[in-house]
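There are 2 protein chains.
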Amino acid sequence: MLQTINLGLKTNSYCIAIGDRGISRLGELLIAEKFKKDLKILLVTNPEVFLPYGEEVVKHLQSKGFQVRSLIIEAGEESKTQETIQRIHDAAFVQHLERGSLIIALGGGVVGDMAGFAAATWLRGISIVQVPTTLLAMVDAAIGGKTGVNHPGGKNLIGSFHQPSLVLIDPTTLKTLPSREFRAGMAEIIKYGIIGSPALLYHLEQSDSLSSQENIPSDSLKSILKYSVQTKAQIVMEDEREGSLRAILNYGHTLGHVVETLTNYNTYLHGEAVALGMIAAGEIACMLNLWTQDMQSRQKKLIEKAGLPLVWPKLPLNSVLSCLQGDKKVQEGKVRFVLPTGLGKVVIKNDVPKEMITHLLNRISGE
Amino acid sequence: MLQTINLGLKTNSYCIAIGDRGISRLGELLIAEKFKKDLKILLVTNPEVFLPYGEEVVKHLQSKGFQVRSLIIEAGEESKTQETIQRIHDAAFVQHLERGSLIIALGGGVVGDMAGFAAATWLRGISIVQVPTTLLAMVDAAIGGKTGVNHPGGKNLIGSFHQPSLVLIDPTTLKTLPSREFRAGMAEIIKYGIIGSPALLYHLEQSDSLSSQENIPSDSLKSILKYSVQTKAQIVMEDEREGSLRAILNYGHTLGHVVETLTNYNTYLHGEAVALGMIAAGEIACMLNLWTQDMQSRQKKLIEKAGLPLVWPKLPLNSVLSCLQGDKKVQEGKVRFVLPTGLGKVVIKNDVPKEMITHLLNRISGE
Numbered sequence: 001m002l003q004t005i006n007l008g009l010k011t012n013s014y015c016i017a018i019g020d021r022g023i024s025r026l027g028e029l030l031i032a033e034k035f036k037k038d039l040k041i042l043l044v045t046n047p048e049v050f051l052p053y054g055e056e057v058v059k060h061l062q063s064k065g066f067q068v069r070s071l072i073i074e075a076g077e078e079s080k081t082q083e084t085i086q087r088i089h090d091a092a093f094v095q096h097l098e099r100g101s102l103i104i105a106l107g108g109g110v111v112g113d114m115a116g117f118a119a120a121t122w123l124r125g126i127s128i129v130q131v132p133t134t135l136l137a138m139v140d141a142a143i144g145g146k147t148g149v150n151h152p153g154g155k156n157l158i159g160s161f162h163q164p165s166l167v168l169i170d171p172t173t174l175k176t177l178p179s180r181e182f183r184a185g186m187a188e189i190i191k192y193g194i195i196g197s198p199a200l201l202y203h204l205e206q207s208d209s210l211s212s213q214e215n216i217p218s219d220s221l222k223s224i225l226k227y228s229v230q231t232k233a234q235i236v237m238e239d240e241r242e243g244s245l246r247a248i249l250n251y252g253h254t255l256g257h258v259v260e261t262l263t264n265y266n267t268y269l270h271g272e273a274v275a276l277g278m279i280a281a282g283e284i285a286c287m288l289n290l291w292t293q294d295m296q297s298r299q300k301k302l303i304e305k306a307g308l309p310l311v312w313p314k315l316p317l318n319s320v321l322s323c324l325q326g327d328k329k330v331q332e333g334k335v336r337f338v339l340p341t342g343l344g345k346v347v348i349k350n351d352v353p354k355e356m357i358t359h360l361l362n363r364i365s366g367e
Numbered sequence: 001m002l003q004t005i006n007l008g009l010k011t012n013s014y015c016i017a018i019g020d021r022g023i024s025r026l027g028e029l030l031i032a033e034k035f036k037k038d039l040k041i042l043l044v045t046n047p048e049v050f051l052p053y054g055e056e057v058v059k060h061l062q063s064k065g066f067q068v069r070s071l072i073i074e075a076g077e078e079s080k081t082q083e084t085i086q087r088i089h090d091a092a093f094v095q096h097l098e099r100g101s102l103i104i105a106l107g108g109g110v111v112g113d114m115a116g117f118a119a120a121t122w123l124r125g126i127s128i129v130q131v132p133t134t135l136l137a138m139v140d141a142a143i144g145g146k147t148g149v150n151h152p153g154g155k156n157l158i159g160s161f162h163q164p165s166l167v168l169i170d171p172t173t174l175k176t177l178p179s180r181e182f183r184a185g186m187a188e189i190i191k192y193g194i195i196g197s198p199a200l201l202y203h204l205e206q207s208d209s210l211s212s213q214e215n216i217p218s219d220s221l222k223s224i225l226k227y228s229v230q231t232k233a234q235i236v237m238e239d240e241r242e243g244s245l246r247a248i249l250n251y252g253h254t255l256g257h258v259v260e261t262l263t264n265y266n267t268y269l270h271g272e273a274v275a276l277g278m279i280a281a282g283e284i285a286c287m288l289n290l291w292t293q294d295m296q297s298r299q300k301k302l303i304e305k306a307g308l309p310l311v312w313p314k315l316p317l318n319s320v321l322s323c324l325q326g327d328k329k330v331q332e333g334k335v336r337f338v339l340p341t342g343l344g345k346v347v348i349k350n351d352v353p354k355e356m357i358t359h360l361l362n363r364i365s366g367e
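Top line first, the protein sequences correspond to chains A and B. As numbered in full-length UniProt numbering, residues 1 to 367 make up the first sequence, in order. As numbered in full-length UniProt numbering, residues 1 to 367 make up the second sequence, in order.
I should point out that these hints are in silico values taken from the structure, not numbers from a laboratory. Heads up, some of the hints might be wrong.
It does not matter which identical chain is meant; a pair holds if it fits inside one copy or across any two.
[Unchecked claim] Here are the simulated DSBU-like cross-link-like pairs (lysine-lysine), alpha carbons at most 30 Å apart as the crow flies:
#1 226 to 36
#2 334 to 37
#3 64 to 37
#4 334 to 226
#5 354 to 155
#6 300 to 226
Whenever a hint applies, use it, and build me the whole structure from the sequences.
Written out as structure tokens, the structure is:
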């Protein structure tokens, strides 16, 4: 059975469906969403996903009467370029996609971002359906309509907001996901618990393991996904275009981003760096008496249970400080930290004393 | 004095200001629109416009405290490419444009389209202000938020809807516009009269000449601009994303597009082809008893007064018919015509008998 969560926005709303073997019911979902049976569809996916699921999805959709063509792109960060967008646009042209046509993204965050931006900019915007197959994309990239392309000057500098018409999350597709990527996705899930969902924290704490899909009972995983998606959806509904609230999604990202940058993006996965960033943000919150050592140790236990790194890497203090200053999350020269204050609650602070950050970094770098 | 027209949309509204020497008041208008005084601005313009107006605008804005950098791009149709978008994005990066920053398009339709799309896709959308300097851009491209980039497979296949924060129309900038381009713009103005504005038709019929900026009294020209902008704004307000109503803007474009295509886009300017398309559409409307010969001759007189072509070129009938079938405005194999039915009134017909089109073409091609 598919569970559904509705994401309501000012100008449009869409459904996020979660359920095992969901991809075998994509056709019915599209028909329920009023897509016509002879719809032209371009399915964008990556090689790792096409073999286990893509071919099946294409056949399934064709059996329902849809006209489907697939395009396979590479899923790495290095594919987040205008050249990839151009390849998708070329395929859209060959497939004669019209205003009422559809692009489906089947894959992780890169596939979702690229297909989403291509859909946003083809014929001034056609429909996109997100079918995320990585844990991170399921709870983050596929929801909220953010698309992004890298510019030589920085990540995601090019992009647009383009909400999907439907998001379909099929947890069974996680079985082919490498464990390390599963764990990295779990970091963002823990983040959702801390910033907005005591219920999610409860489920995470109840679970014997969080480190791989096989070790989590199917129902438990579905609950965890549902609460994560609800948390993200709630934040997007309240702040569709990243006015201010959506900034709390950056919990763990301020120092996490520093770790990623100073290790040249080749040592830690994004989620692993976020885990380190959450621990550091928790420590700062403790120092400011915003949050308790007890809460901080509960956070650490979850991160540990997810098999994520706990120990801050040895990085030159000066580099960390100057990298912090250059972060996108800096406003008017002040570093913005999202800091936890309770179960499912955070505040944004841009007046954390520099000495406190230095003190913390000295302490944790030495661990 | 600046006249203003408000374009109200579901999620945002903006002001269209019209007035002589308006560009010397752009700074105040920006401040009135709540842009901050130390705002970072990228001004995108073309060489033909930069010399007479661009430098002055840059100095004016700098004198108001804005941080302005300009980028000069070529204004021809062949510049409507992803490479041009990339150049604007590179300049946006160098100028450190942030979420709250601004791009200003100072030029004709190509500059407006390129700067608009670059703004739509930089940091997922930053503000754009349109300052059109051609007659066509003043009454058409600058209003309504449509941006477009050409794809090797066709014109404007890539793009997005991105409404400007402000449109500033300064008729004095028309004095450097080549007369032929002025006349081509006038074709779209006549179109607005026919599809939606009896008041505009009245002003056009009252004017002794419509063929160049010098021959039209300044107040008359401003009235013509105002009624044109109002007509376009009204249609955009009722149909922001080209659902259906906005299709009436294609009046004259069905057969006009055929003329452009079959003469390889190198014989007629867009507006000239639209003039021919309007005459042909008027003839069809007469044959269907939708509109009178008297109205048709009034339309012809306006087109003649604007110095626009009246005689359909010699084109092979078969090519015309097959080109009509391939037009974007075809839906399910049926050619859509926008046909006039009265003063300021049109209908959309997709059941014009093929024989009638053939008959008409045989007749007018022989003239």
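Evaluated hints:
1. Proximity of residue 226 and residue 36 under a CA criterion of 30 Å is satisfied intra-copy only: 29 Å inside one chain copy versus 42 Å between copies.
2. For a Cα distance limit of 30 Å, the shortest separation of residue 334 from residue 37 across copies, 21 Å, qualifies, whereas the shortest one inside one copy, 53 Å, does not.
3. With identical chains, the CA atoms of residue 64 and residue 37 are at most 30 Å apart within one copy only, with a shortest distance of 7 Å there and 57 Å across copies.
4. In this assembly of identical chains, residue 334 and residue 226 lie within 30 Å of each other by CA distance neither inside one copy nor across copies; the values are 35 Å within and 46 Å between.
5. With identical chains, the CA atoms of residue 354 and residue 155 are at most 30 Å apart within one copy only, with a shortest distance of 27 Å there and 53 Å across copies.
6. Within a single copy, residue 300 and residue 226 get their C-alpha atoms as close as 23 Å, which meets the 30 Å cut-off; across copies the closest is 65 Å, which misses it.
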